[in-house]
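K.L.:
When you get a sec, could you build the whole thing from the sequences and use the hints?
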Amino acid sequence: MKRLTALLAVMLLALFLVPVAMAADVFPSKPVTGLVPMAPGGSSDLMARALEKYWGKYSPQPMVIVNKPGGGGVVGTEQIVRSKPDGYNMYIAYGSGHDIVMPSLQKMPYDPQKDLIAVARVSIHSVVIVTGANSPFNSIKDVIAYSKKEGKPVTTAVSVKAGAVDLALTAFGKAAGVNIVTVPFSGGAEATTALAGGHLMIGGGHPSEVIPHIKAGRFKPLAVVLPQRDPSMPDVPTLKEQGVDVATWGSVKGVAVPAGTPKEVVKYLETTILKICKDPEFLETMKNLNQPVMCQGSEEFTKFIKQATEDYAKLIKELNIKID
Amino acid sequence: METFSGLISGFSIALTPINLLFAFIGALVGTAIGVLPGLGPAATIALLLPAIYVVSEPVTAIILMAGIFYGSMYGGSTTSILLNLPGEAASVVTCIDGYKMAKKGRAGAALGIAAIGSFVAGTIGIVGLTLFAPLIAEFALSFGPPEKFSLAVVGLLMAVTLSGSSIIKGLVMLALGLLLASVGLDPISGKTRFSFGVIELQSGFDFVTLAMGVFGLGEIFIGLEAAVKVEVATTKVGSVWPTLKDWAASRMAILRGTLIGFFIGVIPGGGAVISSLVSYAVEKKVAKHPEEFGEGAIEGVAGPESANNAASSSSFIPLLTLGIPGNASIAMIFAALLIKGITPGPFLIQEHPEVFWGVIASMYLGNVMLLVLNLPLVGLWAQLTRVPFGLMAPVIILFTVIGSYSIQGQAFDIYSLIGFGLFGYVLRKLKFEPGPLVLAFVLGPMVEQSMRQSLLMSGGSFLIFVTRPISLSLIGLFAVLVAGQAALTIYKRFSPNN
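Chains as they are written, first to last, in my numbering: chain A, 1 to 324; chain B, 325 to 822.
FYI, nobody ran anything at the bench for these hints, they're computed from the structure.
Here a beta-carbon is modelled for each residue, glycine too, at the ideal position from N, C-alpha and C.
Incorrect hints may appear among the rest.
To be verified - Footprint (simulated), chain B over chain A, 3 or more residues, beta carbon under 8 angstroms:
hint : stretch
1    : 190 to 201
2    : 288 to 298
As the list claims (entries may be wrong) - Below are the DSSO-like pairs computed for lysine-lysine, each with C-alpha atoms no more than 30 angstroms apart in a straight line:
hint : chain 1 : residue 1 : chain 2 : residue 2
3    : B       : K515      : B       : K569
4    : A       : K322      : A       : K53
5    : A       : K317      : B       : K515
6    : A       : K263      : A       : K240
7    : B       : K515      : A       : K174
8    : B       : K608      : B       : K493
9    : A       : K148      : A       : K314
10   : B       : K608      : B       : K816
11   : A       : K306      : B       : K515
12   : A       : K148      : A       : K287
13   : A       : K107      : B       : K515
14   : A       : K306      : A       : K278
15   : A       : K152      : B       : K515
16   : A       : K322      : A       : K30
17   : B       : K609      : B       : K428
18   : A       : K152      : A       : K322
19   : B       : K515      : A       : K314
20   : B       : K515      : A       : K322
21   : A       : K68       : B       : K515
22   : B       : K515      : A       : K114
23   : A       : K30       : A       : K141
24   : A       : K220      : A       : K68
25   : A       : K30       : A       : K53
26   : A       : K263      : A       : K275
27   : A       : K53       : A       : K303
28   : A       : K263      : A       : K68
29   : A       : K114      : A       : K220
Claimed, not checked - Negatives, chain A to chain B, calculated, CB over 12 angstroms:
hint : residue
30   : F27
31   : K30
32   : K68
33   : S135
34   : A162
35   : T182
36   : F185
37   : D235
38   : E264
39   : E281
P.N.:
This is the structure in structure tokens:
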């Protein structure tokens, strides 16, 4: 009820302000929509709400979060692609699996790079390899040694099929010569619960999903699958440090707008987000969410998305993963 | 001790004005809609599900839904007693003696004992939930994919075999529910299935739309057809306080009903409907004057009405600890939790203690509210049964359409809502019970996924379902129950006494 009333109030206010703003012609003259193509409560949504909370500090107009889940993120993203390119329609979570992984696996209804302008990167959700607290494994070497000695498959819990976590673990298995059998669940929460119950040998997840279990003593972290260590868990070594030459970009979370949005508007949005990235309260909020803040401006982020997409395409080709 | 401190913190959440208000609204609206003939708990929750998109706090949203659930459970008895029309399936047996009592001018006593029995049983049920849920949650971690598969399948089959209606029809409903659930993304491979190029179908059918259509609209369409002639036994209720004689007769019936309801509620596929049937049968068996049953025996009202409320409390246990909804109404609450970004399971108590304890505490409060709402105001509820259904139905349909559109803002959902509504109508016309369909729709992805996960774990061997002790015991338990029921049927058929 509260949200509805607030929304109505904001909408009325917006109507009221439009004529004045038209004359002034300054962006933003009405609230900006931040569309999250995932369900409320997930890591993308939590990040969007952290942005929303501090947006008002740096912009005269508030941000309104809208969730539009479906099709692994495609449904909501397509809505943004088809929306008016005026800067009032922002896509939050740009760089997720359906932007950088899915294009290499299936036909997309739009081009995630050409049809969207990267505004800023906010966070990277790395892939962490973990095992249950009672597991005999204490490092990646133990996993490899077990596989070499027993010759048995290593059952591995992953959040979804062909997602960032699944790809990272499959790539690890291929590079290290370990017979990894990934068992997909519906989302990180279910995958980590099954791992905590001891039903699988190892598992993968994003820091926001595994850190609570590590803190509660149910999981042992084995490796981070990033080129460098993850700032949200600096004590955990990377796969490379443990002698396995595999690194992926995990799941990237940034902001984008539809292609055709005026340059100065993109600049304004970019500057605002980069300001929020430096806000100490925002940093604190993100820390509590176990999401590392790894901000990047529009130009660098555009290049990053291109690179990450190419890297994933290469990986998928090497691993020979197919969906259709 | 942890339970105690958890409960205390739960009360501090449930007693905040906003949560108190929503518990009250839930109980009130639930009772009001539950009083309407035909609209049971599942339909009531289905119709009101979109409300949770407006309530921002997850705990408040679930408090509202739980309130609607047990509110409609209370309300269901009113029409059974006054109109001989069960307000919901779990009150069907209440009609038998309740309506007879009303005809003899004892409507007040029947309504009163139903409310008191509901209160006592509901509260004892919640005490059980409070004590057992945290224990079961600890045990629940040992439920991996093979155990989940066995439990879900056993639950689905039990929902069919125990329902008392045609098993073949129930199996057809199960299959249809599973088929509908398979539309959308394949949970293991990520392929799109049965979407026929329709982008809205890529993520499958929306549960809220399906539930509102099949349960809500379907029952309303049928109601519109049936509501032309309804004989009201009486709207003069009289004193709702049971006499000493009534109390003596129903005291033990309430306790027995509570126990029966509590245990049947925990079993997947069990729930309110079955527990009320079992309770009635038991009361008839133990009664000193079984000949009074069917002629207005107060135990015949007290037992089943207690049983269905105890069952509705205890059916929260498998949901909150294992993340497995055991019946259609609880499946709605399951969907509501998921929509609010909360995955119920063994870690719910640790990760979302505010939701777990807040909802449980609000159930204690809600039961008190319901007693207060029902005892003195029962006359008012009785008046509600006189509002012509022809007036009420269009308004409910309108709100259903608005509600379904408001969720995602796409016209496609309205078409599918109406489609599912017509489908639900046809099902009822053909005497198909839609409960198993909706339960299968919710459990379908779980059944499929956990089976394929198990097979990935075992390297393709089906033995994994019988080599793991919990999974084996679940399958064994089901086999024993089916064998028992079959033996009973055969015995009855050949028994000379019948």
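K.L.:
Decide, hint by hint, whether the structure agrees.
P.N.:
Cross-check of the supplied hints:
Counting residues of the stretch 190 to 201 of chain A whose C-beta sits closer than 8 angstroms to any C-beta of chain B gives 8, which meets the bar of three, so the coverage hint holds. With a cut-off of 8 angstroms between beta carbons, the stretch 288 to 298 of chain A has 0 residues touching chain B; three or more are needed, and the interface restraint is violated. Restraint check: the Cα-Cα separation between K515 of chain B and K569 of chain B comes to about 65 angstroms, which exceeds 30 angstroms; the hinted pair is violated. A threshold of 30 angstroms between alpha carbons decides the hint, and for K322 of chain A with K53 of chain A the separation of about 40 angstroms lies outside it, so the pair is violated.
The straight-line distance between the Cα atoms of K317 of chain A and K515 of chain B is roughly 18 angstroms, inside the 30 angstroms bound, and the hint therefore holds. A C-alpha spacing of about 40 angstroms is found between K263 of chain A and K240 of chain A, which places the hinted pair above 30 angstroms, so the restraint is violated. With a CA separation close to 23 angstroms, the supplied pair K515 of chain B and K174 of chain A stays within the 30 angstroms bound. For the suggested pair K608 of chain B and K493 of chain B, the alpha carbons sit about 29 angstroms apart, so the restraint of at most 30 angstroms is met.
A hinted pair counts as satisfied when its Cα atoms are at most 30 angstroms apart, and K148 of chain A with K314 of chain A qualifies at roughly 27 angstroms. Taken as a hint, the K608 of chain B and K816 of chain B pair is honoured in the structure, with Cα atoms around 17 angstroms apart against an allowance of 30 angstroms. Taking the CA atoms of K306 of chain A and K515 of chain B, the gap is about 25 angstroms. The hint holds against a cut of 30 angstroms. Under the criterion of a C-alpha separation no larger than 30 angstroms, the hint pairing K148 of chain A with K287 of chain A is inconsistent with the structure, at around 39 angstroms.
Under the criterion of a C-alpha separation no larger than 30 angstroms, the hint pairing K107 of chain A with K515 of chain B is consistent with the structure, at around 12 angstroms. The straight-line distance between the Cα atoms of K306 of chain A and K278 of chain A is roughly 25 angstroms, inside the 30 angstroms bound, and the hint therefore holds. As the CA atoms of K152 of chain A and K515 of chain B are separated by approximately 28 angstroms, the hinted pair is consistent with the 30 angstroms bound. For the given pair, K322 of chain A sits about 44 angstroms from K30 of chain A by alpha-carbon distance, which is inconsistent with the 30 angstroms threshold.
Proposed proximity of K609 of chain B and K428 of chain B is supported: the alpha carbons are some 24 angstroms apart, at most 30 angstroms. With a C-alpha separation of about 24 angstroms, the suggested pairing of K152 of chain A with K322 of chain A holds against the 30 angstroms cut-off. Taking the CA atoms of K515 of chain B and K314 of chain A, the gap is about 21 angstroms. The hint holds against a cut of 30 angstroms. Between K515 of chain B and K322 of chain A the alpha-carbon distance is near 10 angstroms, which keeps this suggested pair within the 30 angstroms criterion.
A C-alpha spacing of about 20 angstroms is found between K68 of chain A and K515 of chain B, which places the hinted pair at or below 30 angstroms, so the restraint holds. Proximity of K515 of chain B to K114 of chain A is assessed by CA-CA distance (about 25 angstroms); at most 30 angstroms being required, the pair is judged to hold. Under the criterion of a C-alpha separation no larger than 30 angstroms, the hint pairing K30 of chain A with K141 of chain A is inconsistent with the structure, at around 55 angstroms. Under the criterion of a C-alpha separation no larger than 30 angstroms, the hint pairing K220 of chain A with K68 of chain A is inconsistent with the structure, at around 35 angstroms.
Straight-line distance between C-alpha atoms of K30 of chain A and K53 of chain A comes to about 17 angstroms, which keeps the hinted pair within the 30 angstroms bound. A C-alpha spacing of about 18 angstroms is found between K263 of chain A and K275 of chain A, which places the hinted pair at or below 30 angstroms, so the restraint holds. Proposed proximity of K53 of chain A and K303 of chain A is supported: the alpha carbons are some 28 angstroms apart, at most 30 angstroms. With a C-alpha separation of about 26 angstroms, the suggested pair K263 of chain A and K68 of chain A falls inside the 30 angstroms cut-off, and the hint holds.
Distance hint between K114 of chain A and K220 of chain A is unfulfilled; the C-alpha atoms sit about 41 angstroms from each other, more than 30 angstroms. Every CB of chain B is more than 12 angstroms from the CB of F27 of chain A (nearest about 25 angstroms), matching its label as outside the interface. With a least beta-carbon separation of about 19 angstroms from chain B, K30 of chain A lies farther than 12 angstroms from that chain, consistent with its non-interface assignment. Not every beta carbon of chain B lies more than 12 angstroms from that of K68 of chain A, the smallest distance being close to 7 angstroms; the non-interface claim is violated.
Taking the minimum C-beta to C-beta distance to chain B, about 14 angstroms, the non-interface status of S135 of chain A holds against the 12 angstroms cut. A beta-carbon of chain B comes within 12 angstroms of the beta-carbon of A162 of chain A; the shortest separation is about 5 angstroms. T182 of chain A, annotated as away from the interface, has a beta carbon of chain B within 12 angstroms; the closest lies near 8 angstroms. In this structure F185 of chain A is not separated from chain B by more than 12 angstroms, as the shortest Cβ-Cβ distance comes to only about 7 angstroms.
No beta-carbon of chain B comes within 12 angstroms of the beta-carbon of D235 of chain A; the shortest separation is about 23 angstroms. E264 of chain A, annotated as away from the interface, keeps every beta carbon of chain B farther than 12 angstroms; the closest lies near 30 angstroms. No Cβ of chain B comes within 12 angstroms of the Cβ of E281 of chain A; the nearest lies about 21 angstroms off, and the non-interface call holds.
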